[in-house]
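S.K.: Here's the letter readout for the chains.
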Amino acid sequence: MSITQVAFILISAITLGSALAMVTSRTVFVAALWMVAAFVGVAALYILLEAGFLAAIQLLIYAGGIAVLILFAIMLTPRVMQPMEGLSRFNDQWMFVAAVSAFLFAGLWALAIRTDWPVNLQRVTGDNIFLLGRGFMTQYLLPFEVTSILLLVALVGAIVIARD
Amino acid sequence: MPDIPLSWYLIVASALFCIGLFGALSRRNAIGILMGIEVMLNAVNINLVAFWRYITPQALTGQVFVIVSITVAAAEAAVGLALILAIFRSRDTVNIEDVHLMKW
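Going line by line, the protein sequences match chains A and B.
All residue numbers for the first sequence refer to numbering that gives the first Met the number 0, where the first residue is 0 and numbers rise by one.
All residue numbers for the second sequence refer to numbering that gives the first Met the number 0, where the first residue is 0 and numbers rise by one.
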């Protein structure tokens with residue numbers, strides 16, 4: 000087993016373990032901290048996949064922005080910090096949901112292993128970030144603009160909804 | 000990189016997706032549900048990057064798709080948290096089972 004495989008298994012274990020701790024932890028605050036750990040693990044997976052720019056974006060937006068947003072919302076709702084008294088952290092259907100999730104995972108596993116993927120292991124040539132930036136200004140200009148409009152609309156909408 | 004098979008990434012991504020699905024469908028707390036959805040989106044992004052690297056490394060489409068998807072996730076988190084804050088202000092709860100205003 001090579002060193003990259005060991006690194007992959009370690010990173011995946013950390014990511015999946017953090018995600019499991021996130022969905023099972025009692026308080027939302029602790030869950031949010033585990034979520035940050037899972038996001039950092041995903042960023043490490045991006046680095047293994049030679050997508051350095053996406054790893055940086057992942058750290059900035061998910062582990063930075065979205066995590067701070069969620070922690071902020073938790074702090075703004077006073078009684079969220081404590082677990083709800085007399086209530087489980089899961090709703091009544093959690094066993095059914097767990098069974099469905101496990102079944103879905105088994106199905107996806109079988110699919111991923113059995114499919115014959117047309118793998119093309121070419122080296123990534125050239126400056127990835129440079130190509131990406133040029134792509135956004137030429138070939139992918141429309142998705143870029145649509146995304147920025149979506150972001151603007153979401154920003155205005157969030158302010159309008161959250162305001163008194 | 001080449002000694003890791005593509006299916007490993009797909010399996011990790013599907014495990015992450017299923018964990019997020021479980022969190023989104025089983026938590027009582029609205030913020031917990033939102034966190035589950037974020038983890039599901041992350042799992043999909045891993046798949047997109049893995050397919051880009053292993054199947055079409057010359058084209059940029061996979062990375063562009065991931066950037067768009069991350070932006071949509073950020074927008075979704077902002078609007079979702081604003082909704083949760085509005086619900087908390089008017090109903091004084093974040094337990095999603097107490098919020099059945101639009102249920103028959």
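To be clear, the hints were calculated from the coordinates, so they are not data collected in a lab.
Just so it is clear, CB atoms sit at the ideal spot from N, CA and C, and this is done for glycine as well.
Treat each hint with caution, since some may be false.
[To be verified] Here are some of the chain B residues that sit facing chain A, going by a computed Cβ distance under 10 Å:
id, residue
1, Leu-9
2, Thr-55
3, Ala-76
4, His-99
[To be verified] Derived coverage of chain A by chain B (criterion: at least 3 residues anywhere in the stretch with Cβ under 8 Å from a Cβ of chain B; other residues may be distant):
id, segment
5, 3-10
6, 28-37
7, 59-70
8, 128-138
9, 150-157
S.K.: Give a verdict on every hint.
M.R.: Comparing the hints with the structure gives:
1. Leu-9: Holds - the Cβ of B:Leu-9 comes within 10 Å of chain A, reaching about 4 Å at its closest.
2. Thr-55: OK, holds: B:Thr-55 within 10 Å of chain A, min 7 Å.
3. Ala-76: holds, 5 Å
4. His-99: Violated. Min distance 13 Å.
5. 3-10: This one holds; 3 residues, not fewer than the three required, reach chain B with a Cβ under 8 Å.
6. 28-37: Held - the segment 28-37 of chain A has 4 residues with a Cβ nearer than 8 Å to chain B, which meets the minimum of three.
7. 59-70: holds (count 6)
8. 128-138: That given contact holds, which follows from 5 residues of the segment 128-138 of chain A lying within Cβ reach (below 8 Å) of chain B.
9. 150-157: This one holds; 6 residues, not fewer than the three required, reach chain B with a Cβ under 8 Å.
Against the hints set out earlier in the document, a violation occurs for number 4 only.
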